[in-house]
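Number of protein chains: 4
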Amino acid sequence: MSYGQIFPQWRAAAGPHWPAYTQHRFVQALGNGSLPRAAFLHYLVQDYLFLIQFSRAWALAVTKADTVQEMRHCAATVHALIHDELPLHIGICAAAGLSEDTLFRAEERAENLAYTRYVLDAGHAGDFLDLLAALAPCVLGYGEIGAHLLAHGGDGPYADWIATYGGADYQALCHAVGGLIDSATMARLGDSPATTPRWPGLCKRFTTATRLEVGFWDMGLTP
Amino acid sequence: MSYGQIFPQWRAAAGPHWPAYTQHRFVQALGNGSLPRAAFLHYLVQDYLFLIQFSRAWALAVTKADTVQEMRHCAATVHALIHDELPLHIGICAAAGLSEDTLFRAEERAENLAYTRYVLDAGHAGDFLDLLAALAPCVLGYGEIGAHLLAHGGDGPYADWIATYGGADYQALCHAVGGLIDSATMARLGDSPATTPRWPGLCKRFTTATRLEVGFWDMGLTP
Amino acid sequence: MSYGQIFPQWRAAAGPHWPAYTQHRFVQALGNGSLPRAAFLHYLVQDYLFLIQFSRAWALAVTKADTVQEMRHCAATVHALIHDELPLHIGICAAAGLSEDTLFRAEERAENLAYTRYVLDAGHAGDFLDLLAALAPCVLGYGEIGAHLLAHGGDGPYADWIATYGGADYQALCHAVGGLIDSATMARLGDSPATTPRWPGLCKRFTTATRLEVGFWDMGLTP
Amino acid sequence: MSYGQIFPQWRAAAGPHWPAYTQHRFVQALGNGSLPRAAFLHYLVQDYLFLIQFSRAWALAVTKADTVQEMRHCAATVHALIHDELPLHIGICAAAGLSEDTLFRAEERAENLAYTRYVLDAGHAGDFLDLLAALAPCVLGYGEIGAHLLAHGGDGPYADWIATYGGADYQALCHAVGGLIDSATMARLGDSPATTPRWPGLCKRFTTATRLEVGFWDMGLTP
Chain A
1 MSYGQIFPQW RAAAGPHWPA YTQHRFVQAL GNGSLPRAAF LHYLVQDYLF LIQFSRAWAL
61 AVTKADTVQE MRHCAATVHA LIHDELPLHI GICAAAGLSE DTLFRAEERA ENLAYTRYVL
121 DAGHAGDFLD LLAALAPCVL GYGEIGAHLL AHGGDGPYAD WIATYGGADY QALCHAVGGL
181 IDSATMARLG DSPATTPRWP GLCKRFTTAT RLEVGFWDMG LTP
Chain B
1 MSYGQIFPQW RAAAGPHWPA YTQHRFVQAL GNGSLPRAAF LHYLVQDYLF LIQFSRAWAL
61 AVTKADTVQE MRHCAATVHA LIHDELPLHI GICAAAGLSE DTLFRAEERA ENLAYTRYVL
121 DAGHAGDFLD LLAALAPCVL GYGEIGAHLL AHGGDGPYAD WIATYGGADY QALCHAVGGL
181 IDSATMARLG DSPATTPRWP GLCKRFTTAT RLEVGFWDMG LTP
Chain C
1 MSYGQIFPQW RAAAGPHWPA YTQHRFVQAL GNGSLPRAAF LHYLVQDYLF LIQFSRAWAL
61 AVTKADTVQE MRHCAATVHA LIHDELPLHI GICAAAGLSE DTLFRAEERA ENLAYTRYVL
121 DAGHAGDFLD LLAALAPCVL GYGEIGAHLL AHGGDGPYAD WIATYGGADY QALCHAVGGL
181 IDSATMARLG DSPATTPRWP GLCKRFTTAT RLEVGFWDMG LTP
Chain D
1 MSYGQIFPQW RAAAGPHWPA YTQHRFVQAL GNGSLPRAAF LHYLVQDYLF LIQFSRAWAL
61 AVTKADTVQE MRHCAATVHA LIHDELPLHI GICAAAGLSE DTLFRAEERA ENLAYTRYVL
121 DAGHAGDFLD LLAALAPCVL GYGEIGAHLL AHGGDGPYAD WIATYGGADY QALCHAVGGL
181 IDSATMARLG DSPATTPRWP GLCKRFTTAT RLEVGFWDMG LTP
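Protein chains in written order, with full-length UniProt numbering: chain A, 1 to 223; chain B, 1 to 223; chain C, 1 to 223; chain D, 1 to 223.
Bear in mind the hints are in silico, worked out from the structure with no lab data behind them. Quick reminder that beta carbons are idealized off the backbone N, C-alpha and C, glycines included. Warning: the hint list may mix true and false statements.
Unchecked claim - Quick list of the computed label-pair ranges, beta carbon to beta carbon: (1) A:Arg-105 <-> B:Asp-191: 20 to 26 Å; (2) C:Ala-12 <-> A:Leu-88: 40 to 46 Å; (3) C:Phe-104 <-> A:Asp-101: 19 to 25 Å; (4) B:Asp-218 <-> C:Phe-104: 39 to 45 Å.
What the hints assert, rightly or not - Capping the alpha-carbon separation at 25 Å, the derived lysine to any residue pairs in SDA-like fashion look like this: (5) C:Lys-204 <-> B:Asp-66; (6) C:Lys-204 <-> C:His-17; (7) A:Lys-204 <-> D:Pro-193; (8) A:Lys-204 <-> D:Asp-47; (9) A:Lys-204 <-> C:Leu-49; (10) A:Lys-204 <-> D:Ser-99; (11) B:Lys-204 <-> C:Asp-66; (12) B:Lys-204 <-> D:Ala-187; (13) A:Lys-204 <-> C:Val-68; (14) A:Lys-204 <-> A:Asp-191; (15) B:Lys-204 <-> D:Ser-99; (16) A:Lys-204 <-> D:Gln-53; (17) B:Lys-204 <-> C:Asp-191; (18) D:Lys-204 <-> A:Pro-223; (19) D:Lys-204 <-> B:Ala-187; (20) D:Lys-204 <-> A:Thr-102; (21) C:Lys-204 <-> B:Lys-204; (22) D:Lys-204 <-> A:Arg-105; (23) D:Lys-204 <-> B:Asp-66; (24) A:Lys-204 <-> C:Lys-204; (25) C:Lys-204 <-> B:Ala-187; (26) C:Lys-204 <-> A:Asp-182.
Claimed, not checked - Reference listing, derived: stretches of chain A covered by chain D, where coverage requires no fewer than 3 residues with Cβ under 8 Å from a Cβ of chain D: (27) 120-126; (28) 203-213.
Please model the entire structure based on the sequences and the hints provided.
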């Protein structure tokens, strides 16, 4: 998937960390249905806690946007995360016998803390672009994973998960986020962003966040 | 208007600053229709810029909330500000011949900078309650002003403005924000918040923000 | 005074706002000794409160630096402000009969709130450069004012103030801050920063902070 | 060690996580000299990167302090970290053949990212107390570890490290930080902080940071 002009360049700069994330053993096991149910539920609980922090990070992006257009985009994402995606998780977990209160009180694993707090700090330490570079691997990597798994079957016990991230709605969101990254980058770095002094730092942010996604899947395998 | 339990106490602590804000000459002129059109349009332009910063402040509140319930409330407010209230301003201004680009490029007056950046800093310097105490005078003061003007006529050239803030939708929003302030305060300070060490500081935040609202009306009278 | 390569360009971009600040009536009255004592003491009290917020802003810069070198510079400034400059103010005020507690409890004027909170927000909203552009007018403008007044006499009732800001120590600090701005700008925007998309925004930050400095002097004249 | 009134209560609330940190296998190996040199150097490199982030966190505390006294304390800590403790690390590493540039360019391990970014986020999400509760395990735990190892010998290949953290200067710093925690807590929560609604949240912050310290030692054992 391309999702715009900048994302493929950041992805290439991440080197082997990118496939280590998108083709992780957890992902393969989701796709072929071999993932133990306990691992999936454990992942869902941590992902619920993750989404809370991810919503905070997109809300931070609203405070760091330069234009009303950028604010609108980020605020719509916060709204979708809190009003659509969190309830989706709550529903799946409820069906598996986990109450929302159980979710909220679950202890965040260190791999979860590492990833989410790194993203938030990228925003506090830098500017809107730094934050987007740290947010991108999650949003767009899940799009790539979902599309890939769907194209290679997409059935089995985790068909719902695959249908969500491989489906048209989430793919449209990825294209929109890819477009936001492109326009935000050009507005700040001009037409040749890869030749500017800030480029290596943005690639490093993206790569670090990708490494932490790998850690998140590792954690998913150890309930 | 009471809008919950805490707001009336903060309002009382603000002493004469509160009526200086809610019964300001600008407000009276809005109510009796004597406000010059130039002053109203000038106010609308500055209020557009204000709303952008106010949206940022509510987004900051999302990042400082302790519970998903608090996050939901603040995220819904950000969404309403950016997707409903900003377009409302853009519409009124467009009808008066002011494009959105003109609005966005207008220079923020010092009184506007003072108020909005004080609110944002209250959030960065303190916690969720500090931010709510700085946000409260605007949200709830406009509710009080709108309800008062509507009860005393509400017609004339500024009837639309009065109908917006005095109307059921905005009044419901004020009651909801008053409830959020109450629950957030109790969750952090307990059942007798006025006896805790943080109370004077919260009253001071509310009072300072109220003083800066007075300055905003003063500014409105000097296009 | 040049204080590096970037500052003179930002100063030129500020147009008439710069002399409105550095040649303000308050400054002229400091220089020729005609400033009423009450105005000077009033200014000192507000400047004490200003320095507290300014220290917070330089501490924020520590959190937004990219290199240890940048951190060292900003941390040394925080230390100098809190351990040297604040006590200097406390000493002058004590000699005039104002205790530190009186200073700390004084009410910040709106012009003071506008300036300091704008600078802090520049840091939170943007990156290290945005913050430096908002900090620069105060640090370097005082250097220019001090040098100018010292070169044109520097005696009279406010000779101490002039000697402080026109003296070798403060001038050295200005050259160091000018150098920090230069190196930080080149590290992020390259060798031709004025041709990059971010340049107008940085000039606007500098200009807005300069406008707010004018407001601070205005406030100084109205105890 | 007690280091004030509040710290022992937070430490007790951390339960088994506290000894898991302060009596970790890495600590025991430091004390009896059995720690492989490679592990120690690996730890020093990560600790250098840690100290940069820790300096940022104490600088963030300056921006969140309520009084000049609190600001002074935190600014002095930033100064000591950047001007004394970082050079100490640079010196030890240089003696082992590692340049400062090598240190600065080393990749932060996930366990390091988790801990440091969690502390920074505690400050951004909450208030001064939240930040102190997240900072406390590192500062005071090292004091406890150093004092314990020194009292039980303190010689061997890591005698310098033990002498630093067990020595009078660092112990005095711990007592000062313990005092800051006490006074900051009383100023915000009153005389019975453990009975206030915020207490469980502060204990949780302290415990989470302690868990992440355990992870940091684990990381130290796997160069």
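We went through each hint and held it up to the structure:
1. The given range of 20 to 26 Å is respected by A:Arg-105 and B:Asp-191, whose C-beta atoms sit roughly 23 Å from each other.
2. Evaluation of the 40 to 46 Å hint for C:Ala-12 and A:Leu-88 yields a failure: the beta carbon distance comes to about 55 Å.
3. Checking the proposed 19 to 25 Å range against C:Phe-104 and A:Asp-101 shows it is violated: the Cβ atoms sit about 44 Å from each other.
4. Distance hint for B:Asp-218 and C:Phe-104: a CB-CB separation of about 27 Å, inconsistent with the stated range 39 to 45 Å.
5. A C-alpha spacing of about 36 Å is found between C:Lys-204 and B:Asp-66, which places the hinted pair above 25 Å, so the restraint is violated.
6. Simply put, C:Lys-204 and C:His-17 have alpha-carbon atoms about 12 Å apart, close enough for the 25 Å limit, and the pair holds.
7. With a C-alpha separation of about 43 Å, the suggested pair A:Lys-204 and D:Pro-193 falls outside the 25 Å cut-off, and the hint is violated.
8. For the hint linking A:Lys-204 to D:Asp-47, the alpha-carbon distance of about 20 Å falls within 25 Å, and the restraint holds.
9. Note on A:Lys-204 and C:Leu-49: the hinted pairing is violated, with a Cα-Cα distance of about 40 Å set against a maximum of 25 Å.
10. With a C-alpha separation of about 21 Å, the suggested pairing of A:Lys-204 with D:Ser-99 holds against the 25 Å cut-off.
11. Between B:Lys-204 and C:Asp-66, the direct Cα distance comes to roughly 36 Å. Violation of the 25 Å bound is thereby established for this hinted pair.
12. With a CA separation close to 16 Å, the supplied pair B:Lys-204 and D:Ala-187 stays within the 25 Å bound.
13. With a C-alpha separation of about 18 Å, the suggested pair A:Lys-204 and C:Val-68 falls inside the 25 Å cut-off, and the hint holds.
14. For the hint linking A:Lys-204 to A:Asp-191, the alpha-carbon distance of about 20 Å falls within 25 Å, and the restraint holds.
15. Between the alpha carbons of B:Lys-204 and D:Ser-99 the distance comes to roughly 51 Å, so the proposed pair goes past 25 Å and is violated.
16. This hinted pair checks out: A:Lys-204 and D:Gln-53 have alpha carbons roughly 17 Å apart, not beyond 25 Å.
17. Straight-line distance between C-alpha atoms of B:Lys-204 and C:Asp-191 comes to about 47 Å, which puts the hinted pair past the 25 Å bound.
18. Proposed proximity of D:Lys-204 and A:Pro-223 is supported: the alpha carbons are some 22 Å apart, at most 25 Å.
19. Under the criterion of a C-alpha separation no larger than 25 Å, the hint pairing D:Lys-204 with B:Ala-187 is consistent with the structure, at around 16 Å.
20. For the hint pairing D:Lys-204 with A:Thr-102, the CA-to-CA distance comes to about 17 Å; that is within 25 Å, so the pair holds.
21. For the hint pairing C:Lys-204 with B:Lys-204, the CA-to-CA distance comes to about 32 Å; that exceeds 25 Å, so the pair is violated.
22. As the CA atoms of D:Lys-204 and A:Arg-105 are separated by approximately 11 Å, the hinted pair is consistent with the 25 Å bound.
23. For the hint linking D:Lys-204 to B:Asp-66, the alpha-carbon distance of about 13 Å falls within 25 Å, and the restraint holds.
24. Between the alpha carbons of A:Lys-204 and C:Lys-204 the distance comes to roughly 29 Å, so the proposed pair goes past 25 Å and is violated.
25. Between the alpha carbons of C:Lys-204 and B:Ala-187 the distance comes to roughly 42 Å, so the proposed pair goes past 25 Å and is violated.
26. Among the hinted pairs, C:Lys-204 with A:Asp-182 is consistent with the structure: their alpha-carbon atoms are about 24 Å apart, no more than 25 Å.
27. Check on the region 120-126 of chain A: 4 of its residues sit with their Cβ under 8 Å from a Cβ of chain D, so the three-residue criterion for coverage holds.
28. Coverage of the region 203-213 of chain A by chain D holds [criterion: at least 3 residues with CB-CB distance below 8 Å; count 3].
The structure does not agree with the numbered hints 2, 3, 4, 5, 7, 9, 11, 15, 17, 21, 24 and 25 stated previously, though it agrees with the rest.
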